[in-house]
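With the hints as extra help, turn the sequences into a complete structure.
Line order of the protein sequences matches chains A and B.
Quick note: the first sequence uses UniProt numbering, first residue 1, plus one each step.
Quick note: the second sequence uses UniProt numbering, first residue 1, plus one each step.
Just so you know, these hints were derived from the structure itself, not from any lab.
Take every hint as true, because none was put in to throw you off.
In silico EDC-like cross-links for lysine to aspartate or glutamate, where the CA-CA straight-line distance does not exceed 16 Å:
#  : chain 1 : residue 1 : chain 2 : residue 2
1  : A       : Lys451    : A       : Asp394
2  : A       : Lys574    : B       : Glu510
3  : B       : Lys432    : A       : Asp635
4  : B       : Lys246    : B       : Asp209
5  : B       : Lys55     : A       : Glu848
6  : A       : Lys33     : A       : Glu64
7  : A       : Lys411    : A       : Glu356
8  : B       : Lys432    : A       : Asp327
9  : A       : Lys198    : A       : Asp217
10 : B       : Lys294    : A       : Asp327
Computed beta-carbon distance windows for the label pairs:
#  : chain 1 : residue 1 : chain 2 : residue 2 : range
11 : B       : Arg439    : A       : Val797    : 51 to 57 Å
12 : B       : Ala587    : A       : Glu349    : 36 to 42 Å
13 : B       : Ala587    : A       : Tyr711    : 40 to 46 Å
14 : B       : Ala587    : A       : Val414    : 46 to 52 Å
15 : B       : Pro277    : A       : Ala282    : 28 to 34 Å
16 : B       : Arg439    : A       : Thr456    : 46 to 52 Å
17 : B       : Ala587    : A       : Asp732    : 55 to 61 Å
18 : A       : Ala282    : B       : Arg299    : 38 to 44 Å
19 : B       : Gln293    : A       : Val414    : 44 to 50 Å
From the three backbone atoms N, C-alpha and C, an ideal C-beta is built for every residue, glycine too.
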Amino acid sequence: MKMASKLFALTLFAAAISLAGAVRAETKLELKKGDKIVYIGNTLAERMQYYPRFETLLQARFPELELQVRNLGWSADEIELRPRSKDFQDHGHNLTDHKPDVILAFFGFNESFAGPGGLPKFEKEFTDFVKTTSTTKYNGESAPQLVIVSPIPNENLHSRTLPDGQANNKNIELYAAAMKKIAAANNVAFVDVYAPMKEKLAADTDLTINSVHLNDDGYKALAEVLDAGLFGAAPEYKCDLEKLHAEVLEKDLQFYYDHRAVNGFYIYGGRKNPFGVVNFPAEFEKLRKMTAARDQRIWAVAAGKEVPATIDDSSTGEFTKIESNVDRPISFDTPEEALKSFKLPEGYEINLFASEQDFPELRNPVQFAFDAKGRLWVATMESYPMYLPGTPVDDKILIFEDTNGDGKADKKTVFADGLHLPTGLELGDGGAYVAAQPNLIFLKDTDGDDKADVKTYLLHGFDSADSHHSLSAFTWGPGGALYFQEGTFHHTQIETPYGPTRVKNAGVFRYEPLTAKVDIFVSYSFANPWGHTFDDWGQDFVADASGGANYFAAAFSGDVDYPEKHPGMKQFLKKQWRPTSGCEFVSSRNFPESAQGNYLLNNCIGFQGVLQYKMKEDGSGMAADPVEPLLQSSDLNFRPVDLQFGPDGALYIVDWYNPLVGHMQHSVRDPKRDNTHGRIWRITYTGNDLVKPAKIAGESIPDLLELLKSYEYRTRYRVRRELRERDAQQVDAELAKWIAGLDANDELYEHNLLEALWVKQNLDMVDQDLLVKMLRAADPRARAAATRVLCYWRDQVEEPLALLQSQVNDENPRVRLEAVRALSFFDTQEALDIALESLAYDQDYYLEYTLGETIKTLERRVGAKN
Amino acid sequence: MSFRHSSMLTTASFALLLMVSSVSAQGSVDTMVKMIDSGRITEQRLPQVLDMICKRANDENLAFVFQMAVKPDGFPAAVRPDALKALHDAAISRNAIPTGDLSAIGELLKSDDRNTQTLAVELAGLWKVEGALDALAKLATEKKTGAKLKKAAVNSLAKIGGPKAVETLEKLTQPSQPLAIRYLGASALVDVDVDNAAKIAGQILTGADTSTDPAVMIDAFLAQQSGPTKLGAVLAETELTPDVAKMCLRQMFAVGRSDPELVSVLSKAAGIDDDAPALTPDEIKAVAAEVLQKGDAQRGEALFRRADLNCFKCHSLSGAGGQIGPDLSAVGGSSPADYVVTSILYPEQAVKEAYTTRTILTIDGKVYTGIVAEEDDDRVIMKQASGQAVVIPVDDIEDEKEGGSLMPKGLAKFLTHDEFLDLSRFISELGKPGEYKIRTDPTVQRWRVLTETPAELAASVPTIGELEELIIQSPEDAWTAAYAMTAGALPLAELTADERPVLYLMAEVEVVVGGKVQVGLNETTGVRVWVGDDLLPEGKPEAVELEPGKHAIYFRVDPAIFPAKTLRATVDRPADSHAEYTVVSGA
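Written out as structure tokens, the structure reads:
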């Protein structure tokens with residue numbers, strides 16, 4: 001059966017190739033004055049709003065035609081699969097709303113991952129699509145001209161950690177050929193950008209960021225190819241292309257605020273009543289007029305005319321006046337007053353590290369991280385709850401420094417501004433990973449002035465139906481994957497070099513920047529998870545905010561196939577309060593012995609402070625019991641939203657400091673929402689000295705490796721992050737020496753070895769020998785952690801199933817749990833049989849849960865193959 | 001007999017099982033059977049493996065498991081109830097019924113083992129074993145049958161159906177039977193013949209008094225698509241006392257239902273106004289203003305605690321109370337009065353993420369509404385407002401819709417306008433600074449009250465033996481939940497309608513780090529306290545050392561001597577103690 005379909009596909013390919021060489025009448029695109037052009041399709045199209053090089057050429061070529069271009073491209077869209085959040089169709093961005101005269105369709109890349117076997121299905125779907133789209137009168141009068149744009153090839157970036165693109169390209173060629181054939185058969189225009197782009201991608205300059213997604217240079221190349229493919233040789237332009245490009249970019253930005261509006265659930269979705277229906281209609285009417293006004297400027301600049309430097313939006317309408325429904329007196333305490341509202345257990349102290357008083361830019365801080373120099377970076381959201389049409393957003397990333405060691409910030413640097421709702425932030429790889437719903441961006445300072453000068457759009461397609469539920473709680477795992485999470489209502493799909501990754505209604509993401517892999521780490525019906533942290537041995541825990549639930553992650557992080565989700569799982573501690581925001585384990589020699597290893601959990605409404613739990617073993621999993629809270633405030637505005645131990649061993653807490661926090665209880669435009677406050681607090685224990693901050697930035701590799709023996713988790717965390725930025729081969733060589741020099745009698749010996757294994761995982765330097773050694777370590781916690789590493793190296797090690805089989809038969813339940821979990825990433829009966837071997841041993845709640853899930857996933861996959 | 005030995009006896013049969021299993025869907029079943037065959041699965045591990053096999057096995061394999069559970073040389077005796085349970089779950093979750101002759105279930109209906117007998121009764125119904133009708137009828141009608149078993153027998157009769165079953169069920173609804181049995185019989189008839197059931201229900205309710213809650217029967221009609229309409233039509237022609245009508249109505253609201261055809265009939269009979277038009281946004285603003293102006297939070301708290309409003313059934317305050325809806329302790333701190341008013345009047349308008357409900361209609365015309373706790377390819381497990389979970393096989397689902405809330409829409413009907421203002425005010429104040437701010441004193445918020453005080457316990461302070469036997473060993477259902485006021489005081493008068501001479505109460509404390517704790521009381525006269533089985537000396541309770549783990553604290557309160565109307569108890573940490581603990585809360 002398989003053989004037959006392969007043969008069939010090959011025949012098709014051959015036919016397509018010969019067709020490509022044949023001379024035939026091609027359908028051409030004819031533009032007329034006032035045409036509305038709409039792009040649809042996948043990330044190739046979506047990124048064109050950030051790099052609108054093609055529209056620039058188009059408008060420059062036809063200034064007199066006054067073309068209106070709208071980009072409806074959407075990350076990872078496929079012909080037959082374009083998930084959107086609830087009632088998105090009511091937001092005014094269907095083809096029937098836009099009434100296009102011309103449609104440019106960019107499909108085929110995501111579909112191509114189905115390979116030759118999926119081609120017949122694709123051909124049928126694509127034929128249906130072409131027929132429907134080219135004959136439907138979206139504008140009510142005439143059918144649009146449909147232009148099929150072929151997918152582009154993958155680029156070989158000659159990277160140690162990225163695919164060379166060859167395997168993908170074979171499939172893309174197959175699908176592109178099918179698209180061309182179908183377009184011709186239906187008299188629809190087809191532009192082959194594959195072949196000319198292949199030539200350009202072969203040149204020295206990198207045109208993609210990850211082998212599949214074009215950068216600005218890449219879009220310049222694509223623009224030329226597409227422009228030439230549609231209209232022939234470039235004309236003499238009447239305008240400054242860069243100036244025109246800036247105008248197009250501005251129009252695309254306003255359209256993006258409309259099409260990709262955050263908080264859709266409150267605009268058109270399930271919670272539009274009672275507030276959204278009052279304020280949003282006027283806002284979007286204005287925004288749409290503003291976008292149209294920018295079209296005018298584009299046409300003027302394209303025609304070589306001058307336009308005013310500032311854009312005149314005075315005639316685009318007024319907002320509805322919103323009255324507050326807040327019925328309690330609202331007051332703001334000064335930080336000094338707020339300090340008096342805190343209650344801590346005996347021996348602890350709290351002090352103000354930074355506030356809006358000394359640093360007025362510290363407004364609505366949301367997540368923070370410490371860099372290798374020990375500086376505190378924090379993301380602020382003064383534009384919260386969302387962009388107001390006409391008021392440019394200016395959310396920031398600030399760097400705070402305590403230069404004199406008095407526990408207070410005395411220096412502030414603005415690393416980045418002009419951001420919109422950076423709900424998550426983490427440092428690493430020489431820059432900052434920042435949530436920019438619906439995207440993940442990377443900001444980097446390349447000239448050493450601590451000001452970001454390069455912005456890369458890394459990933460797209462994170463839903464923004466509810467900005468509260470969007471990407472948050474960024475954290476590195478010990479192995480160098482970046483984790484972040486999102487909540488319910490969201491339908492997310494991310495395009496990667498390995499195919500699309502999708503999740504609906506909440507999940508935790510696992511992203512490997514080095515390999516560009518994105519996995520759904522946990523697909524679970526969370527409300528809105530806002531906390532995720534790891535312990536010393538790599539076990540991780542996820543905190544769901546709205547319901548206040550906390551979960552042991554290993555058990556529900558096995559693989560499932562979209563749109564499946566893991567079923568309800570028990571919580572590892574009994575919920576006391578809700579909603580929570582951020583969790584962290586105590587790992588600081590400044591804190592008392594009795595608190596070490598305790599789970600800390602911020603809570604923001606009702607109980608406003610930091611809850612504390614004592615961890616204990618629970619068979620294959622872990623559990624926790626409540627002990628005295630670490631912090632409680634009686635100030636109703638105190639909103640602890642993130643917490644982390646600093647380099648000095650003190651616990652830092654970011655305080656959103658706001659009287660109004662709900663989306664549902666008040667209008668998003670309630671005038672009493674505050675955006676002028678923000679505080680960072682610092683808790684120390686008076687019974688012990690502070691921790692001497694480790695020297696990390698710029699230190700030698702051997703010195704950094706020694707720091708992996710540090711007591712503090714956060715020190716080791718930052719050291720691993722620093723090592724990611726060093727030369728992998730050098731780190732590998734130094735690691736060998738370091739491992740050889742380790743004292744086997746040291747009680748931390750196996751933990752040190754585990755750190756070494758994690759450093760290798762960080763650098764994607766697969767070491768089968770060290771892995772096997774750790775899989776059979778004496779300490780079961782090390783064996784469990786190594787089993788997790790094996791899971792993510794499964795496609796790079798020899799005989800992964802044999803290795804997992806011995807872990808399944810381990811005497812320790814957590815090791816068995818990790819192994820059963822890892823087996824869910826396979827797709828064979830053999831893997832299923834190995835997972836079932838765990839039934840010979842005592843079970844417990846988590847083992848049963850995880851085995852049940854692995855069986856379900858594997859039975860489905862094995863069944864699908866048969 | 002060790003299982004390893006018995007597995008040798010059954011090897012041939014297991015091999016047979018292997019041969020009948022189909023390739024694709026049986027991937028893990030085959031492997032598990034092989035593991036049992038090879039002796040890798042110990043007897044102790046066998047129940048779980050059988051459970052997993054039954055979750056996936058086809059009907060032929062289920063037949064094999066059933067045979068092994070009943071035939072003399074089958075599974076070890078200790079494993080048999082587990083095998084039956086696994087078969088039971090397969091039937092509930094995915095309508096999977098073993099092939100072949102199932103009459104062997106008849107023998108099990110006579111089992112001495114209560115657990116096995118109950119499972120057999122349920123299986124007979126689920127599998128529709130007609131040969132079991134006589135035995136089931138006997139269990140259903142005999143006086144000596146226990147309540148739980150009787151209910152199971154009645155339900156199974158209804159599942160099997162047919163004239164014989166109906167005849168038995170109708171017998172149960174006759175006036176000679178106790179009211180509780182009549183309600184049960186009528187509820188079972190709903191699934192067999194809803195028109196007949198409605199007619200009978202009308203007859204029962206006409207003569208009913210308030211001694212017995214008709215909840216089970218009302219639930220049965222609500223669970224049938226046409227049930228509310230048909231019952232409503234019958235009741236429109238029936239004379240009901242206002243109190244009985246109120247009981248029916250209260251049950252509807254308690255489970256979050258407000259089907260208009262039934263609500264209007266019952267409201268009329270209960271003398272409650274049913275046709276208030278929906279409020280406009282401006283009217284809601286006006287009511288919200290009135291709440292802040294006139295509403296009295298203290299009176300509101302008393303209303304919140306009123307039995308017929310059922311608030312505590314779903315909501316908790318300071319962690320104590322029902323766990324079906326959100327804890328309301330902090331709600332006023334983040335929600336303005338208009339939001340509170342809207343939420344009480346129109347609960348479906350603003351629903352927190354975890355509380356969105358789903359309504360499922362099955363091919364049998366059954367309607368279920370609740371919060372989906374779990375779902376997979378086979379079944380949906382739904383938590384209903386009653387607190388009970390129901391398992392619905394996916395194959396049975398005819399239609400489903402998302403949205404809405406389990407919160408009853410008609411709540412305000414039980415309130416006067418002023419009462420509504422008071423209740424709303426109370427909720428608006430929760431979590432705001434002042435009397436109803438969040439408190440973290442370690443007060444006992446969730447109490448257990450011994451429902452009936454045995455005579456010997458009323459007479460005097462029990463000996464350790466009496467305490468052990470009558471209190472510590474008493475079954476869970478001997479206790480009723482009671483919740484303290486938000487400020488921590490438990491009104492003693494609410495605890496019992498009749499004048500009881502002496503009350504026995506229990507609190508629990510969960511200790512994480514061992515150390516000394518001390519029970520604090522608002523008044524010590526007339527109170528005796530035990531921590532575990534240690535009776536503390538009279539007067540102010542002394543500090544006691546507690547190990548990590550859960551500890552019960554018992555209180556004997558003699559209202560005749562106790563000088564206060566409320567009891568307020570705390571579990572405090574003396575200054576020199578490092579104990580870490582929490583007072584147990586919840587439902």
